[in-house]
Every structure is written in C-alpha cells, then in structure tokens.
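Residue numbers (this note's numbering), protein chains in the order written: chain A, 20 to 492; chain B, 20 to 492.
Some hints could be false.
Intra- or inter-copy, both count: the list cannot distinguish identical chains.
Claimed, not checked - The calculated DSSO-like cross-link candidates involving lysine-lysine, where the alpha carbons are at most 30 Å apart (straight line), are:
#1 Lys-291 / Lys-382
#2 Lys-111 / Lys-313
#3 Lys-110 / Lys-457
#4 Lys-289 / Lys-60
#5 Lys-60 / Lys-459
#6 Lys-50 / Lys-24
#7 Lys-21 / Lys-110
#8 Lys-21 / Lys-109
#9 Lys-258 / Lys-110
#10 Lys-459 / Lys-111
#11 Lys-21 / Lys-457
#12 Lys-21 / Lys-50
#13 Lys-24 / Lys-459
Hints are computed from structural coordinates only; laboratory data are not their basis. Note that this is a predicted model, so its numbers are computed, not measured.
Number of protein chains: 2
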Amino acid sequence: MKSLKELFDRITQRVNINLRELKFDVNPFVKDLVPFHQLVKFYAFYGITPHHPLDFQFRHSNLAGSYFLGKCCTTNSILYKSDIRGDELKKKGDTCEFQGFKIPVSRDEAIRIEDSFLIKTLVHNFSHDPETLENFFIRNTVSTHYANIHGSPTDGSYLGPFATVDLTTMNDCVIGAFSYVQAGEISHLHIEPGTVWVRSPNNFNFLYRYPLNKLSHYIHFTAGAPPQGLLIDFVEDRKEAFQRVFETMNIDPSVTIPNNASLDRFAVIKPKTHISDNVLVAQRAFLQNSWMGKGANAQENCYIINSRLEGFNVTAHGAKIIEADLGQNVFVGFNSFLRGRPDCRLSIGKESIIMPHTIIDVKEPLSIPPGHLVWGLVTSPADLENNSIELKELTKISEGFSRGNMFFEGNGSSFVTAFRDRIHHILEANGALYDGVKNKGHAQKNQNISFNTIQPYPEGDLKGLYPTIIIRP
Amino acid sequence: MKSLKELFDRITQRVNINLRELKFDVNPFVKDLVPFHQLVKFYAFYGITPHHPLDFQFRHSNLAGSYFLGKCCTTNSILYKSDIRGDELKKKGDTCEFQGFKIPVSRDEAIRIEDSFLIKTLVHNFSHDPETLENFFIRNTVSTHYANIHGSPTDGSYLGPFATVDLTTMNDCVIGAFSYVQAGEISHLHIEPGTVWVRSPNNFNFLYRYPLNKLSHYIHFTAGAPPQGLLIDFVEDRKEAFQRVFETMNIDPSVTIPNNASLDRFAVIKPKTHISDNVLVAQRAFLQNSWMGKGANAQENCYIINSRLEGFNVTAHGAKIIEADLGQNVFVGFNSFLRGRPDCRLSIGKESIIMPHTIIDVKEPLSIPPGHLVWGLVTSPADLENNSIELKELTKISEGFSRGNMFFEGNGSSFVTAFRDRIHHILEANGALYDGVKNKGHAQKNQNISFNTIQPYPEGDLKGLYPTIIIRP
Chain A
20 MKSLKELFDR
30 ITQRVNINLR
40 ELKFDVNPFV
50 KDLVPFHQLV
60 KFYAFYGITP
70 HHPLDFQFRH
80 SNLAGSYFLG
90 KCCTTNSILY
100 KSDIRGDELK
110 KKGDTCEFQG
120 FKIPVSRDEA
130 IRIEDSFLIK
140 TLVHNFSHDP
150 ETLENFFIRN
160 TVSTHYANIH
170 GSPTDGSYLG
180 PFATVDLTTM
190 NDCVIGAFSY
200 VQAGEISHLH
210 IEPGTVWVRS
220 PNNFNFLYRY
230 PLNKLSHYIH
240 FTAGAPPQGL
250 LIDFVEDRKE
260 AFQRVFETMN
270 IDPSVTIPNN
280 ASLDRFAVIK
290 PKTHISDNVL
300 VAQRAFLQNS
310 WMGKGANAQE
320 NCYIINSRLE
330 GFNVTAHGAK
340 IIEADLGQNV
350 FVGFNSFLRG
360 RPDCRLSIGK
370 ESIIMPHTII
380 DVKEPLSIPP
390 GHLVWGLVTS
400 PADLENNSIE
410 LKELTKISEG
420 FSRGNMFFEG
430 NGSSFVTAFR
440 DRIHHILEAN
450 GALYDGVKNK
460 GHAQKNQNIS
470 FNTIQPYPEG
480 DLKGLYPTII
490 IRP
Chain B
20 MKSLKELFDR
30 ITQRVNINLR
40 ELKFDVNPFV
50 KDLVPFHQLV
60 KFYAFYGITP
70 HHPLDFQFRH
80 SNLAGSYFLG
90 KCCTTNSILY
100 KSDIRGDELK
110 KKGDTCEFQG
120 FKIPVSRDEA
130 IRIEDSFLIK
140 TLVHNFSHDP
150 ETLENFFIRN
160 TVSTHYANIH
170 GSPTDGSYLG
180 PFATVDLTTM
190 NDCVIGAFSY
200 VQAGEISHLH
210 IEPGTVWVRS
220 PNNFNFLYRY
230 PLNKLSHYIH
240 FTAGAPPQGL
250 LIDFVEDRKE
260 AFQRVFETMN
270 IDPSVTIPNN
280 ASLDRFAVIK
290 PKTHISDNVL
300 VAQRAFLQNS
310 WMGKGANAQE
320 NCYIINSRLE
330 GFNVTAHGAK
340 IIEADLGQNV
350 FVGFNSFLRG
360 RPDCRLSIGK
370 ESIIMPHTII
380 DVKEPLSIPP
390 GHLVWGLVTS
400 PADLENNSIE
410 LKELTKISEG
420 FSRGNMFFEG
430 NGSSFVTAFR
440 DRIHHILEAN
450 GALYDGVKNK
460 GHAQKNQNIS
470 FNTIQPYPEG
480 DLKGLYPTII
490 IRP
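Can you build the whole structure from these sequences, using the hints too?
Dropping the structure here:
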C-alpha cells in the first residue's frame with residue numbers, strides 16, 4: 020500500500036498549504052480516520068444510461084464505495100464511500116442566466132476531483148458559480164463523514180462531519196461540523212461548528228448558531244478521534260441493512276413501484292413502505308414502514324422511518340425523518356434530524372420549510388403549523404417559538420429581525436422566493452412534476468441504470484489504488 | 020438495440036466474405052442462436068492483479084459474461100459468456116525459440132478480437148505462431164458453444180460447438196462440431212465434425228474421425244436449431260449452480276484450500292471436495308465430491324464429479340470427469356467426456372494421455388492401464404483396444420500405423436515427446452510445480468484478483484452495446 024500512503028500524504032500536505040493562513044492542520048483530524056485496509060474493501064461503481072453522457076476518468080486514486088453517474092474526472096484522490104453522482108451537469112449549448120448575464124455553456128460540464136480526500140461525502144451537483152460553468156471542481160479538499168459538497172466548486176478547504184457547502188464557491192475555508200453554508204463566494208473563512216448561514220449578497224443574510232454544548236450530543240468531532248454523537252450512532256446502527264444490498268449483483272425490489280417512480284437498487288426498503296407516483300428513492304436511502312406520497316423523494320443518505328409524507332416532499336441529502344407526519348410540499352433540508360416518538364409523533368403542516376441542518380427531537384408531541392420556516396435545535400414547543408416564523412410573516416420583513424440564536428438581515432420576501440424557487444427546481448429535477456410527457460426528472464431517467472463495479476489493485480505497492488480507467492460513449 | 024443488430028449483421032457479413040470460397044454461410048447457424056435480449060442480461064468482468072499488466076480496450080462491442088485477465092482489445096465484437104483470460108501473454112523482452120530462430124518479443128503481446136462473434140467460447144492464450152508474437156488476434160470469426168480458440172491467432176473462420184483450434188494459425192476455415200485441430204498453419208479448409216487432427220509438419224500426423232451416427236448422440240448441430248446432444252444437456256443441467264456464484268459480489272470459499280492453491284471465486288464447489296497443494300480451479304469449473312491431488316487442475320468449463328485425481332493431473336478446458344479414478348500425471352485433453360457410473364467406475368492408470376476430444380462412456384467397469392494414449396469414442400473394453408496404444412509402443416513407431424478409425428503417420432517418439440513437453444508446460448504454467456520459491460504459476464498468481472464488472476447500455480439504440488472502456492495501469 021506504499022502508493023496509497025504516499026497519496027494520502029500528498030493530499031493532506033496540499034490541503035494544509037492551502038489552509039496555512041488559517042493555521043489549520045488537517046492531519047490530526049484525518050490521520051487514522053479510515054484505516055488504509057478499509058480503502059481496499061469496497062467496490063466503487065458507475066452507472067451507464069442513455070440519459071447521462073458518459074465520460075469517466077479515474078487516475079491514481081482510491082475510490083472505495085463511490086458512485087459516479089455523470090461525467091467525472093478523479094485524479095490523485097481518496098474517495099471513501101463518497102456518493103458523487105453528477106446527473107445535473109450542464110450541457111454544451113445550455114445557457115445560464117446570472118444577474119442579467121446570459122452565459123452560454125461552451126462544453127459539457129464535468130466534475131473534477133483532484134488531490135482530494137472525501138470520506139463518506141456526498142457531492143451530487145447543480146453548480147451555480149457563473150465563473151466555472153463547465154467545471155465542477157473540488158481540488159485540494161478534505162471532507163469528512165456525511166458532509167455535502169453540493170452544487171459547489173470548492174478548493175483548498177476542509178469540511179467537518181455533516182457539514183454542507185451549498186451553492187457556494189469556496190477557497191481555503193474551514194467548515195465546522197454540522198455547519199451549513201450557502202453564501203455565494205467565500206474564501207479564507209473559518210466557520211465554527213453548528214453554523215447555519217444563508218446569504219445572498221445585497222438581498223438577505225440568515226445566520227443561526229447551535230449552542231455547542233447541546234450540538235455535541237448529536238455530533239462532535241475533535242482531532243484524534245472519529246466523529247461521535249447520536250447522528251453517528253443512528254447511522255452506524257443501520258449500516259448492516261446495506262450490506263445485503265451491496266453484496267448482491269441484481270436485486271429485485273421488495274415493494275411494487277409505479278412505472279413513473281424510481282427506487283435505486285442500492286437503497287434499503289424495509290417492510291410496509293409505500294411508493295407513489297413520481298417518487299424518487301436514491302441510492303443509500305433507507306425507508307422503513309413509511310408512506311411516500313406522490314412526488315416525494317428520499318435523497319442519498321436519507322432515513323425515513325415510521326413516517327408519512329403526503330406528497331411533493333423534498334427530503335434532502337442526509338435528512339432523517341422518524342415517527343413524523345409531513346403535509347404536502349413540506350421541505351426538509353440537508354442533514355436535518357427530525358425525530359418524533361411512537362407515543363408523541365411529530366407533525367409538520369403543509370408548505371412548511373425545515374431549514375437545512377435543523378434538529379427537531381421531541382419527547383412530547385409537536386405540531387408545526389402549515390407554512391412555517393423552522394431552523395436550529397427544537398426539542399420542545401418553547402424551542403419552536405424561538406426557532407420558527409410563519410412564512411407569510413417573513414415575507415413582510417424588509418430590514419431584519421432576530422429570534423433566539425438566529426439573526427436575519429435584509430429582505431424576507433426574496434429569502435422566501437429564493438427558497439421556493441429552489442424547492443421547485445429540486446422537485447422538477449427529481450421528476451416529481453412528471454405528467455407522463457413533460458418534466459421528466461431523475462425519478463424517470465434513473466430507473467434503468469447499468470451499474471459497473473470497479474476495484475483497486477488487491478496487493479503489492481499499488482494495493483488500494485485503482486488503475487487508470489477511462490469510460491467514453 | 021438497433022446498434023447491436025447492426026453489429027451482428029456486420030460480423031456475419033464479414034465472416035461470410037471470408038468463407039465465400041468454401042461456400043459456407045454462417046447466418047443460418049448463428050441467427051437466433053442467442054436472442055438479443057440475452058446479450059443484455061449478463062455482466063462481463065475483468066481482473067486486476069499486480070501480476071498481469073493492465074491494458075483493456077473495449078469498443079463498440081457486446082461482452083456479456085466474458086472474463087478478461089490479460090491485455091485485450093475488443094472492437095466490433097459480440098462475446099457471449101466467452102472466457103477470454105489472457106494470463107500467458109508474452110512480454111516485451113521475452114525471446115521465443117522456433118525452429119532455430121530466436122525471436123525477441125518487441126512489445127507486450129495483446130489479444131485483439133475484432134468483428135467476431137464468440138458464443139460461450141473460451142479463448143485463453145499461449146500463442147505459438149512465430150509470425151505474430153505480439154498479436155493474438157481473432158478477427159472476423161464466428162465461434163459457437165464451448166468451442167476453444169486456444170493459443171491460436173484465427174481469422175475469417177467458423178467453429179462449431181465444442182470445436183477446438185489449438186496451436187494453430189487459421190485463415191478462412193470451417194471447423195465442424197467437436198473437432199480438434201492442432202496443425203500448424205491452415206487455411207481454406209473445411210474440417211468435418213468429429214475430426215481429431217494433430218499434425219506437426221515433417222514430424223507426425225495423427226487423424227481420427229468420429230463415426231458421425233454415434234457422435235450425434237453426444238453433440239450435433241444443424242442450421243436453424245441450437246446445438247443438441249448429451250454434452251449440451253449435461254452442461255445445461257448444471258447451469259443453475261453457477262447462478263449464485265455470479266449473483267453475489269464476494270463469495271467465501273466453501274472448502275479450505277492450501278495457501279499455494281487457487282480456487283476461483285467464479286467456480287462452483289459442491290460438498291466433499293478436497294483441494295491439495297498447488298491445485299488450480301479456474302473460473303466456471305464445477306467440482307463435486309472429488310479429490311484433487313497435489314498439482315491437479317480443473318480448467319475453465321471443466322466438470323469433475325465423484326472422482327479422484329491423484330495429482331499433477333491436467334483437466335484441460337471443457338473436459339468432464341465423472342465417477343472416475345485417475346492416477347498421477349494423467350492428462351485429460353480439451354472437451355473430453357469421461358463418464359464412469361457409480362456401479363462401474365472408470366479408472367485410468369498413471370501417466371496416461373487422454374487425447375483432446377475423447378469420449379469414454381462406459382456401462383461396465385473400465386480400467387485403462389498406465390502409460391497409454393487413448394483417443395476417440397470408447398464405450399467398452401473392445402473399443403479401448405481400437406482406440407489406444409501403449410506410449411512405449413508408440414515411441415517405437417517410425418513410419419506410421421492405423422488402428423480403428425485412427426491413422427498415424429511419422430515419428431511416434433516425437434509425437435510422445437511433443438505431448439509430454441506440452442503437458443509439462445501446462446503443469447508449470449498452472450503452478451503445479453511450485454516449490455514455495457520457484458515455478459509460481461496461475462495457482463499462486465491468480466489467488467488475489469480484483470474483479471470488476473461491466474455492463475452495457477440498458478436501453479435506447481445502444482442497448483446491449485458496451486461503452487468504450489479503457490483500463491491502463
């Protein structure tokens with residue numbers, strides 16, 4: 020495994036050079052985080068369909084467990100059980116509108132991952148940076164458990180566990196555990212753990228900070244130890260269910276699904292789950308005894324257990340919904356953890372927006388009224404008061420307000436509009452709005468994928484490294 | 020599947036152009052032989068080890084079920100459950116001796132398959148053509164069920180089911196079902212079914228012809244129908260056992276094997292099988308209640324059932340051994356079918372050579388003495404008289420002799436020497452002679468392979484075709 024060790028050193032050195040001004044050393048965080056022998060154990064895989072233009076290039080990398088669907092070029096990287104995907108890449112001939120510019124896309128966009136170390140990281144893609152339309156890059160980046168690099172060219176950065184960088188181009192930043200950043204272009208920032216920050220320059224700025232003493236019950240990460248907390252335990256407890264899914268070549272779905280819905284063969288579906296029209300269940304999603312209404316989706320790393328989603332529900336990457344009832348059009352953001360109990364369920368009224376990285380963990384019944392925005396840590400009705408606002412009320416805010424640990428500046432109406440537009444895009448992209456003819460999305464296009472598995476050299480100096488693999492149409 | 024159909028037409032047209040002087044039309048033989056939808060059903064796969072230099076290129080082909088281990092370039096071909104392998108390719112720097120010439124190999128040898136249709140064909144490789152040391156080609160060739168293209172550049176030819184072309188460069192030939200040809204360079208020949216022909220120009224010529232009325236019980240193939248007969252039924256009856264093997268990603272061996280032996284994860288091992296030192300069990304071999312003595316091997320498509328092999332036994336590709344006891348160093352050639360019965364076993368004395376394509380099918384006990392050469396169809400002790408000779412006696416023959424349907428010309432001693440040298444090479448290449456330090460072979464080098472699966476486009480015009488795949492170190 021000589022080459023693999025050298026590769027690891029190369030990556031961490033490059034990231035540290037980028038982060039030198041922040042005086043951040045990634046080494047103690049990632050050293051021994053995944054034993055090298057684990058990196059040889061899992062196959063990576065890529066999908067082939069007529070809907071996703073093929074172009075994969077893997078060089079001098081370890082890809083254990085990763086999943087590629089759209090164009091991707093990976094060089095000198097270690098990707099451990101990362102989900103990469105790439106099925107929303109821009110195509111040559113597309114036009115991107117941005118602040119009055121109409122920018123033509125000059126060649127098919129591709130994901131480029133170079134000198135990066137991504138551990139159980141989800142990349143996906145729907146990039147928004149008008150400067151790099153053809154290039155979705157993640158260079159010199161270290162990212163840890165269940166972080167999301169979402170729609171975001173990223174360079175020289177470090178992401179803690181369950182961190183999300185969304186619609187943000189980021190250079191030389193440190194993003195703490197469970198932080199969510201959607202902030203346009205940022206550089207040389209050190210974001211503390213548990214920060215939820217949504218900024219649209221000149222429009223609005225939303226900032227929430229988790230009380231760290233309470234967040235650490237759910238997730239904490241210190242140098243020299245693996246990430247810990249309830250979120251990690253929750254995922255680890257359900258790991259075994261995925262084993263059978265990844266051990267078998269061809270799996271027959273255990274539930275009936277309509278022919279306009281899509282259930283990924285790498286998802287886990289436990290009994291008494293119902294899949295309605297236009298539903299998308301992505302790979303590495305986990306569904307148990309749950310009702311997925313029309314156009315609902317369960318994205319990668321989602322867990323939906325003993326719950327009912329009425330329809331057109333987005334369950335964004337890494338969100339967990341347990342013992343809960345969600346009305347139509349309820350949006351649940353990235354990595355949110357929503358937990359009711361069998362004897363005190365959580366209900367969320369229609370059209371409500373659960374902000375990314377929200378934790379709702381109740382021991383008495385909690386009912387969120389329709390049309391509300393909810394954020395941060397909610398463990399009781401009193402918390403809800405401090406961590407929510409009616410959307411109608413928010414649209415009226417023009418200057419700013421604060422509530423609990425949350426500060427909002429700017430225009431509430433544009434905040435709500437931006438969110439609603441985004442939700443609409445997500446539903447559309449995922450095929451929730453398919454009418455049998457128009458609005459095909461992932462739920463319809465990802466039904467029939469050939470999955471090809473790839474593995475590294477099994478022994479010798481190159482053990483753990485993948486050979487050069489080039490796939491083209 | 021538009022492109023796949025066009026590809027099929029392209030191949031058959033090219034082969035027919037090659038075979039025009041023989042007035043042979045492959046179309047009625049191969050049309051509908053494998054329904055197109057079958058060609059989408061199976062994954063192909065390739066192995067990665069540090070011992071086999073990587074270079075795979077697959078373009079505009081269907082590869083359903085095939086297995087690649089050594090360098091291989093496949094273009095415009097349909098390979099249905101063909102085993103290709105390629106782990107005895109010559110390397111740059113090797114020297115080949117041939118009739119006094121010492122020919123340096125100028126670049127790594129590669130298998131090139133172009134415009135070919137190989138159905139359940141095994142290719143393997145150990146080429147002997149001094150004219151194409153770097154190029155193991157099989158162009159414009161149609162080959163049907165369980166044929167072996169072995170060590171043989173081949174062009175513009177047709178092979179019937181269970182045909183073998185061995186150490187032979189062949190142009191524009193038709194090889195009938197169950198025929199074995201090892202004849203140096205041949206072209207424009209039409210070889211009738213059931214011909215066993217071994218020729219070394221200026222040294223010897225061995226020719227046996229099966230009585231066709233008796234052969235048809237075992238195998239017959241006519242235009243418009245799939246191949247039929249006992250050999251096909253035998254294989255079909257055991258097909259299901261392979262299903263589990265190919266459906267599971269990682270399989271734990273069901274028997275203990277010594278660390279100098281190799282049991283391919285795509286072999287089927289039924290209970291009460293014993294694997295001794297230096298044994299090689301290749302992929303798609305089937306072992307049941309059998310004893311594999313030291314250095315014995317079971318090559319691809321072999322079936323060894325209720326039998327005991329004492330050691331250093333070669334069971335060449337496609338050979339079947341049932342209810343039999345084989346002494347040390349017994350060699351069983353390609354596609355032979357040796358069947359004793361529970362109440363009347365077949366025994367073969369040590370050092371005997373069972374010629375390729377021999378059928379021994381007894382209903383009373385039969386004992387073949389040590390040191391004998393056996394060929395053709397043997398169903399009784401009387402047949403054995405007409406179809407065998409003591410090797411010692413054969414070495415004394417200098418002019419020729421005939422026995423039953425067999426004609427031999429030339430030097431018996433060089434025939435025996437050539438065979439023994441070949442057997443020694445096979446044992447050596449397969450690792451039977453490994454002493455813990457020297458003579459590593461497949462049994463030791465093929466123990467630890469990363470298997471990567473590849474699949475075709477699942478739908479659309481390209482359905483059934485594989486994308487371009489390039490694998491390099």
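Index of numbered hints that the structure contradicts, given in increasing order: 2, 9
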